[in-house]
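Engineer: Chains A and B supply the protein sequences, listed in that same order.
Residue 478 is where the first sequence starts when you use our numbering, and the numbers rise one by one after that.
Residue 478 is where the second sequence starts when you use our numbering, and the numbers rise one by one after that.
Keep in mind the hints are simulated off the structure, nothing from the lab.
As the structure is a prediction and not an experimental result, all values here were calculated from the model.
Careful, some of the hints might be misleading.
Where chains are identical, the list cannot tell them apart; a pair therefore holds if satisfied intra-copy or between any two copies.
DSS-like, lysine-lysine: derived pairs with alpha carbons at most 25 angstroms apart [what the hints assert, rightly or not]:
1. K535 with K554
2. K483 with K526
3. K563 with K529
4. K500 with K526
5. K526 with K560
6. K526 with K563
7. K500 with K535
Number of protein chains: 2
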Amino acid sequence: MNILFKALNDATRREILEMLHEKDLTAGEIADRFSMSFPSISHHLDLLKQAKLVTAEKEGQYVYYSLNTTVVDEIMKWFLQFKIKKK
Amino acid sequence: MNILFKALNDATRREILEMLHEKDLTAGEIADRFSMSFPSISHHLDLLKQAKLVTAEKEGQYVYYSLNTTVVDEIMKWFLQFKIKKK
DNA sequence: AAATTAATTAGACATTTGTCTAAATATTTA
DNA sequence: TAAATATTTAGACAAATGTCTAATTAATTT
Chain A
478 MNILFKALND ATRREILEML HEKDLTAGEI ADRFSMSFPS ISHHLDLLKQ
528 AKLVTAEKEG QYVYYSLNTT VVDEIMKWFL QFKIKKK
Chain B
478 MNILFKALND ATRREILEML HEKDLTAGEI ADRFSMSFPS ISHHLDLLKQ
528 AKLVTAEKEG QYVYYSLNTT VVDEIMKWFL QFKIKKK
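From just these sequences and the hints, can you work out the full model?
Structural biologist: Printed below as a string of structure tokens:
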């Protein structure tokens, strides 16, 4: 849970998730959409990968990133606990 | 959104939310359940308050903290976007 | 095989964060 | 009103975080 919330605690990383919801993208395509260095984006992608919010697949010299909604389910379950009525 | 994810990015603060889901508690009652100084807990409560995840109400010399589930709804809505199918 | 392109790794550095102790504020009790 | 109790504020400090440039690795093209 810790690494998940950590990964989500950054506007750039949340934007990346929203972009990947539209379609899969290479590291370069993602980086092009930000005014930030490639290595910085690479680092953000690494954190998202650690949290399993995204998966990476190498195709030739490119690396394609995809959203992993399984983890989104898990985190929503955590939030749902608070909607359960207590006496 | 920023301050919300920031507030959630700490195990102590998430535990406080879970405690407040059980019942409302004073700052002191919350602090007693952690092996951490009062001022540190007070600081965590402040962050949760800034994110509107909790509300505080003074009663005499005590301050009662309560969970605010309205914000939980909001954040769940953010996560739900990822469950909407894209072509 | 050398040059180009895509991406990551390494290391530096300023900023933010979580914790602490000490001090301050506010309320209640003796 | 002085002492006790509950909580917050202030300030210090180490650790974590986000960013950068330079260097490295891997794959493709000329």
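Engineer: Next, verify each hint and record whether it holds.
Structural biologist: Right, here's what the structure says about each hint:
1. K535 with K554: neither (31 angstroms within a copy, 32 angstroms between copies)
2. K483 with K526: both (12 angstroms within a copy, 19 angstroms between copies)
3. K563 with K529: Answer is between; shortest inter-copy Cα gap is 20 angstroms, intra-copy 32 angstroms.
4. K500 with K526: Classified as within: same-chain Cα gap 17 angstroms, cross-chain 36 angstroms, threshold 25 angstroms.
5. K526 with K560: between (29 angstroms within a copy, 19 angstroms between copies)
6. K526 with K563: between (36 angstroms within a copy, 21 angstroms between copies)
7. K500 with K535: within (16 angstroms within a copy, 49 angstroms between copies)
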